[in-house]
Amino acid sequence: MQQSLASRIAIALIGWAVALLLFFPIFWMVLTSFKTETDAITASLVFHPTLVSYAEVFQRANYLGFALNSVVIALGGTVLALLFSVPAAYSMAFHPTPRTRGTLLWMLSTKMLPPVGVLVPIYLLFKFTGLLDTRTGLIIIYALMNLPITVWMLFTFYKEVPNEILEAGRMDGASTWGELVHILLPLTLPGVASTGLLSLILCWNEAFWSLNLTSSQAAPLTAFIASFSAPEGLFFAKLSAASTMAVAPILVFGWFSQKQLVQGLTFGAVK
Amino acid sequence: MATLSLRNIRKAYGPAEVIKGVDLEIDDREFVVFVGPSGCGKSTLLRMIAGLEPITSGELQIDGVRVNERGPADRGLAMVFQSYALYPHMTVAQNMGFALKLAKVPAAERDRKVREAARILQLEPYLERRPKDLSGGQRQRVAIGRAIVRAPKVFLFDEPLSNLDAALRGQTRIEIARLHEELGATMIYVTHDQIEAMTLADKIVVLQAGRIEQVGSPLELYHHPANMFVAGFIGSPRMNMLPVSVLESTAAGITVSLPSGAALTVPSTGDVAPGTALTLGLRPESLRPDPDGQLAGTVKLVERLGGLTLLHVETEGREDVIVQIEGLSMLNINHPVRLAADAAALHLFDAAGMALPALTRHSLVA
Ligand SMILES: Nc1ncnc2c1ncn2[C@@H]1O[C@H](COP(=O)(O)OP(=O)(O)OP(=O)(O)O)[C@@H](O)[C@H]1O
Ligand SMILES: [Mg+2]
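Chains as they are written, first to last, in full-length UniProt numbering: chain A, 1 to 271; chain B, 1 to 366.
I should point out that these hints are in silico values taken from the structure, not numbers from a laboratory. Careful, some of the hints might be misleading.
Just so you have them, the derived chain A footprint on chain B, three or more residues with Cβ under 8 Å [unchecked claim]: (1) 69-80; (2) 95-104.
With the C-beta cut set under 8 Å, the calculated list includes, among others, these residues of chain B facing chain A [claimed, not checked]: (3) P54; (4) I55; (5) T56; (6) S83; (7) A85; (8) P88; (9) F229.
Glycine residues also receive a C-beta, built at the ideal position from the N, C-alpha and C atoms.
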């Protein structure tokens, strides 16, 4: 399709505007983290950059402990979710029953429920089972939280694999496990990888459950940030420094996996 | 060695029965072709034999042993799919060797068998390529190679040539016939292509709406169709059907009157009273223009195919009749024409569509 110069410029401008809008908060956060607390409450762009906030944040809290929790919980939740959703999506895509579509929609509909609605029951369940403030507890809740999304994504990737290829595998003597490992997973690897990446990012940034179900032992970086916002009033510079340190790992990770993510999300798994 | 035996095989998807009781015996080394209109259940029947679709009821035996409960890989069959269904992430060699790898055949032996199959199918230059870098015909051969490598007792083909162009289809058809000779395996082949069915089959199974209409050799189906459906389905252009009524039944055959009033004696037998309404079947290739012919009409369309000419003739009874003539015909549109039929090639069908038995069997049909 041929587009006029004017409309191309307009599209470029809108694109840049949206990108700037999305990027601005992050930019401001990083900027603020290098200010002193007095500079931080001004909107000034002129200031003496300092690492004071970072030093204070490091002094006051065990960053590495939180970060380790984040890594373990995000990886654990993602692996657990994939462990269940890979076979679930396989069964839905290749051995559907009349109820498969309904089940998929129902799974997705659970994402429409505000999590706070089930906070009390979940909290009590965790309390009785001794899962409060444990990594295991968060891994379980994160996996459950992402399961509808990972099943849906994998389902759509699997759907692109012709059934006959799997049937050929079955004729060749592949068991269900063999079909998955030798045929389906290699064919949908980009899709499975982007599903995993998305799950990692969602787990990393999750704040509601981590704040409500952990206190000290299993608290991830989201709790680490929050700990700088509450008790002694707002300290913007320190809060920004903590936030920057919390998002930096996933930002870097996201940057490197960006190509993979976009590819997996936009193109078919095979072809 | 492989014989198959299907005993009252049925398939239902929920309340809808799509295979309604199929009985069939397949001999060792036989080439059996399933034909029938789209949706009649050819693929379903083949997939039940393959083990890809559970059999709702009935029994499937291979070499006299019930295999209903066995998985696809444990039946000693290999299947070639219409879409080829090659593994896109594997090379040609890996595609062909996959079954052997799963069966834990040592790499050296695997390699030898893959090379042997590649040699038979002239695929040696492509062993390291991926399927996407092959032409349609080459992919087809890889799919066949993948089946050969496993040395199955029975080969199953589901419309294997329908994605190829006409020239390649003819070539591959000959290839498959040669393979059947060479490998001495039992083959079951689904197609809706008449020529494939007639040229490849030892035995054709005509299916309609989940039932077998007739089983027989290609020539048997052509010369002695059991009913109007088979008569219309086998042979191209299709058999002409004219409504007739019985005049008399003698030792020489049944004499019927055509819509135009002319009488014709068909060498068939049957317990038919004069006046009974029957259907007369005339193959286009058994009709010829003849000044003394019983059938009169007007040419409405001439199709010149080079070696053959097809005349569409409107007869006095208002029925359209197709006539196939060797070579060129000088007849043109709106020409009046009289047609004569080769009496031995005429067929009569009763009101239920069943063929009346012919007095003599065709010399080439047992
Ligand atoms: N999974 C299914 N659920 C319900 N009905 C089905 C299913 N699969 C096939 N059918 C029905 O079974 C019938 C036979 O289908 P089948 O694929 O065997 O036909 P076919 O003879 O191979 O036709 P074609 O020549 O078009 O390939 C069809 O009417 C089809 O609608
Ligand atoms: Mg079919």
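Quick rundown of the hints versus the structure:
Only residues whose C-beta sits within less than 8 Å of a C-beta in chain A count toward coverage, and the region 69-80 of chain B has 6 of them, enough to reach three; the restraint holds. As drawn, the region 95-104 of chain B meets chain A at 4 residues by the rule of a beta-carbon pair under 8 Å; at three or more, the given contact holds. The interface hint given for P54 (chain B) is broken, as the beta carbon of that residue sits about 12 Å from the closest beta carbon of chain A, more than 8 Å. Checking I55 (chain B) against chain A: minimum C-beta separation of about 16 Å lies over 8 Å; hint violated.
Using the Cβ-Cβ criterion of 8 Å, the hint placing T56 (chain B) at the interface with chain A is not satisfied: the shortest such distance is roughly 17 Å. This hint holds: S83 (chain B) has a C-beta 5 Å from the nearest C-beta of chain A, less than the 8 Å allowed. The beta carbon of A85 (chain B) is positioned within 8 Å of a beta carbon in chain A (closest approach about 4 Å), and the interface hint is therefore held. For P88 (chain B), the shortest C-beta to C-beta distance to chain A is roughly 6 Å, which falls under 8 Å, so the interface hint holds.
About 30 Å separates the beta-carbon of F229 (chain B) from the nearest beta-carbon of chain A, more than 8 Å, and the hint is not met.
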